[in-house]
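If you read the sequences in order, they're chains A and B. The first sequence begins at 1 in the working numbering and counts up by one. The second sequence begins at 1 in the working numbering and counts up by one.
It is possible that part of the hints are untrue.
Think about it this way: if two alpha-carbon atoms lie no more than 30 angstroms apart in a straight line, the pair counts; the simulated DSBU-like pairs of lysine-lysine are [what the hints assert, rightly or not]:
#, chain 1, residue 1, chain 2, residue 2
1, A, LYS98, B, LYS14
2, A, LYS124, A, LYS163
3, B, LYS50, A, LYS143
4, B, LYS14, A, LYS84
5, B, LYS7, B, LYS26
6, A, LYS143, B, LYS20
7, A, LYS163, B, LYS16
8, A, LYS42, B, LYS14
9, B, LYS31, B, LYS7
10, A, LYS89, A, LYS118
11, A, LYS84, B, LYS20
12, A, LYS89, A, LYS127
13, B, LYS14, A, LYS119
14, A, LYS118, A, LYS163
Calculated from the structure, these hints are not laboratory results.
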Amino acid sequence: MFIDDNQPAYQVADLKQPAIHYSDRQWHTCQITYFIAPLYSKIYLEAYEAKSFFTRFLLQGPIPLNDNSDIVLRCFLASGRSYKDSIAKNTTMQVDLKEMILETSMPKFVWVAELTNKKLLKTKEAKGLIIIDATEANLIFNKPLILAAYDDNVICFDQNLGKLINYALSLRNFCIFENNLQD
Amino acid sequence: MADYIIKSQSVRDKLKDEGKFTILDKEVHVKAVTAMNESLENVRREFQIKDRESQRNAALVTLTA
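So that you can see chain A by itself, here it is in the shape it has in the complex:
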């Protein structure tokens, strides 16, 4: 059911041929290639800024990536609950990392970057991740960071110390988040 500004409301159409019911035949071959969706109002961290945070953190952050790392970043927005749900069901993730993620308090929405490479991506695997708070407006001093795990490091804030800390933890590859991101 379509609400199209150029047509009366509630027109029946197909997503593959969204303008097939137009009287002007020129529009019949029209296809949807992109669409713009508004973000939930409490998401203060724009996608552009979140992506920049991920790359800056990996390249300039307190524990930068190893030199010549072959990395593909897979960034997506997820609700804290659905992301935790997928982690809980993920049987391939390192157990200690899994516990840490599951027991970390999360906001309603998180931006996630999964670190993978071309080879791992073919088997739908990742070797690291960064989770940041999508409802945090302040980008400085790693404020949005919830948890980062890559190159056998797990970086997060210690609530008692109020400081960023790093745990050396042997990580392994894990299945990527799919849920609503399937092809």
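Following the hints, put chain B in place on chain A, whose structure we already have.
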């Protein structure tokens, strides 16, 4: 009475006991975070400029079908 088991805390404690724990507050870390802050402020500024320009340009366009 229900008991709460916090597994991640025991993982953290175990890693601390094994010495696999670093506080990232050394000078090198502070410098890295400061550099990151500057870059991210530039990103935000750049984004705001692009966003305003986009809004200004959008206001000039009239779509007709």
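Checked hints:
1. For the given pair, LYS98 of chain A sits about 15 angstroms from LYS14 of chain B by alpha-carbon distance, which is consistent with the 30 angstroms threshold.
2. A threshold of 30 angstroms between alpha carbons decides the hint, and for LYS124 of chain A with LYS163 of chain A the separation of about 34 angstroms lies outside it, so the pair is violated.
3. A distance of roughly 24 angstroms separates the Cα atoms of LYS50 of chain B and LYS143 of chain A; the hinted pair therefore holds under the 30 angstroms criterion.
4. Restraint check for LYS14 of chain B and LYS84 of chain A: satisfied, since their Cα atoms lie roughly 23 angstroms apart, inside the 30 angstroms limit.
5. The straight-line distance between the Cα atoms of LYS7 of chain B and LYS26 of chain B is roughly 29 angstroms, inside the 30 angstroms bound, and the hint therefore holds.
6. Restraint check for LYS143 of chain A and LYS20 of chain B: the C-alpha separation of about 24 angstroms stays at or below 30 angstroms, so the hint holds.
7. Taken as a hint, the LYS163 of chain A and LYS16 of chain B pair is honoured in the structure, with Cα atoms around 15 angstroms apart against an allowance of 30 angstroms.
8. At most 30 angstroms may separate the alpha-carbon atoms for a hinted pair to count; LYS42 of chain A and LYS14 of chain B exceed this at roughly 37 angstroms.
9. Of the pairs offered as hints, the one joining LYS31 of chain B and LYS7 of chain B is violated, with about 34 angstroms between alpha carbons and a cut-off of 30 angstroms exceeded.
10. Between LYS89 of chain A and LYS118 of chain A the alpha-carbon distance is near 24 angstroms, which keeps this suggested pair within the 30 angstroms criterion.
11. In summary, the hint linking LYS84 of chain A to LYS20 of chain B is supported, as the alpha carbons are separated by about 25 angstroms, within the 30 angstroms threshold.
12. Between LYS89 of chain A and LYS127 of chain A, the direct Cα distance comes to roughly 17 angstroms. Compliance with the 30 angstroms bound is thereby established for this hinted pair.
13. Only pairs whose Cα atoms come within 30 angstroms are accepted, and LYS14 of chain B paired with LYS119 of chain A is rejected, the gap being roughly 34 angstroms.
14. The straight-line distance between the Cα atoms of LYS118 of chain A and LYS163 of chain A is roughly 34 angstroms, outside the 30 angstroms bound, and the hint therefore fails.
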